[in-house]
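Put chain B on the given structure of chain A with help from the hints.
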Amino acid sequence: MKKIIAGLLIAVLAIAGIGIGYKINQADASGEEKSVTVLQADYPQYNTAEELVESSDLVFTGTVKNIEYQMIDVGTGEGPDEDTGFVDNEEIPYTLYTIDVDKVYKGSIDSSSIIVKRAGGSFGDDEYVVENASEISKGKNYLFVTETYEDTYPSLLNADQSSYDMDAPQTVMEREEKEIMLSDILKLF
Amino acid sequence: MKINKKMAVFLCMALICGFLVLPVQAATFMNCGDADGKITVQSYKDKYSAKWTKIIDKSIAAWNDSSANVNISVSAQSKNVIKAKRYNDTWYGLTTQTHNKTSGYTSKFIIKVNTKTIKAKATNYSKFARSTVTHEFGHVFWLADNPNTKKSSIMKYDRDRNTMVKPQQFDIDNVNKKYK
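As given, the protein sequences belong to chains A and B, one line each in that order.
For the first sequence, numbering that gives the first Met the number 0 begins at 0 and goes up steadily by one.
For the second sequence, numbering that gives the first Met the number 0 begins at 0 and goes up steadily by one.
So here's chain A without its partners, still in its complex pose:
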């Protein structure tokens, strides 16, 4: 029994050690205090698959072939904004996903591949992380729910309800409150 208690205490100390180690790693080895930039996005939230798909003009499946990061000016037009009067040409950090298109459920795509964007990305020391964003990995097959624009890449509708892993559909047991499942979307087509 003593061995069990000793083992548990070692486990606790090990976890505590990991926590302290993580904190230490936050500081620069040279002793200088580094700055990082984070990004928070306030997105629309959709209560049903119908609402989500209705808000999208391009729904498709495909395999992610490449992921890259790019600063993009997504402002519309030059000069003062027609709504606010404000002038801004600042670029925003984006992650670009190049996708080999498999099937288009809504809207149309002219070529066999497409690039879609989502705010955030990695730029040197700056990590622009959108919290709660769904994971999108290279080589995997997803269903994407997007909005298109005339002069820039389509965007995912939000951070957590716009990409669905086609190879790992969730079971009903895993459904959380207000969660939209891949099967809910596919049922609409």
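No wet-lab data here; the hints were simulated from the structure.
Do not rely on the hints blindly, as some may be mistaken.
Unchecked claim - Partial chain A-side listing against chain B, Cβ under 8 angstroms, derived: (1) Val37; (2) Ala40; (3) Gln44; (4) Glu81; (5) Asp82; (6) Ala118; (7) Glu130; (8) Tyr148; (9) Asn157.
To be verified - Some chain B residues near chain A, calculated using beta-carbon distances under 7 angstroms: (10) Lys44; (11) Tyr91; (12) Gly92; (13) Leu93; (14) Thr95; (15) Asn99; (16) Thr114; (17) His134; (18) Asp144.
Note that beta-carbon positions come from the ideal geometry of N, C-alpha and C, so glycine has one too.
Same frame as chain A, now just chain B:
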């Protein structure tokens, strides 16, 4: 002795669970925010239409007039900027904060507000825009997006942006935990 053993095991398990639970509790707060809750934003009245000046004024007042221990003032020298215009993306608001990696204290922030998505979704444009700006200021006061609570919050994605324009009691309480 048997009870002592059980208690020891229980205490160890509780400690382990405590460590594992910490990240979940952190969902209400970001890992960065202003040091003392007294922030400035760059002068904006000469850059915006009268309608938008009023929207930003009211959003700032929503925090300043609340019981949250924070203050937002306007300064020509401030590095912190509010940028509202039509952007080709799906977000309503976007805040970037540059902060010290060790302390978490924010040294500069930029709030972007997307009038394109607001116009497309709002039934009350002015209130929807105010809800967005007030929400974005919440990030500078450490508040994270979409907290896991049943209580009303300006930080929730599913709030009614056409009506909720002020920080809610849940938000004020959390901000005051940071600025006692």
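Each hint tested on the structure:
no., hint, result
1, Val37, "holds, 6 angstroms"
2, Ala40, "holds, 4 angstroms"
3, Gln44, "holds, 4 angstroms"
4, Glu81, "holds, 7 angstroms"
5, Asp82, "holds, 4 angstroms"
6, Ala118, "holds, 6 angstroms"
7, Glu130, "holds, 5 angstroms"
8, Tyr148, "holds, 4 angstroms"
9, Asn157, "holds, 6 angstroms"
10, Lys44, "violated, 11 angstroms"
11, Tyr91, "holds, 5 angstroms"
12, Gly92, "holds, 4 angstroms"
13, Leu93, "holds, 5 angstroms"
14, Thr95, "holds, 5 angstroms"
15, Asn99, "holds, 5 angstroms"
16, Thr114, "holds, 4 angstroms"
17, His134, "holds, 5 angstroms"
18, Asp144, "holds, 5 angstroms"
Figure legend: structure checked against the earlier numbered hints; the only hint not met is number 10.
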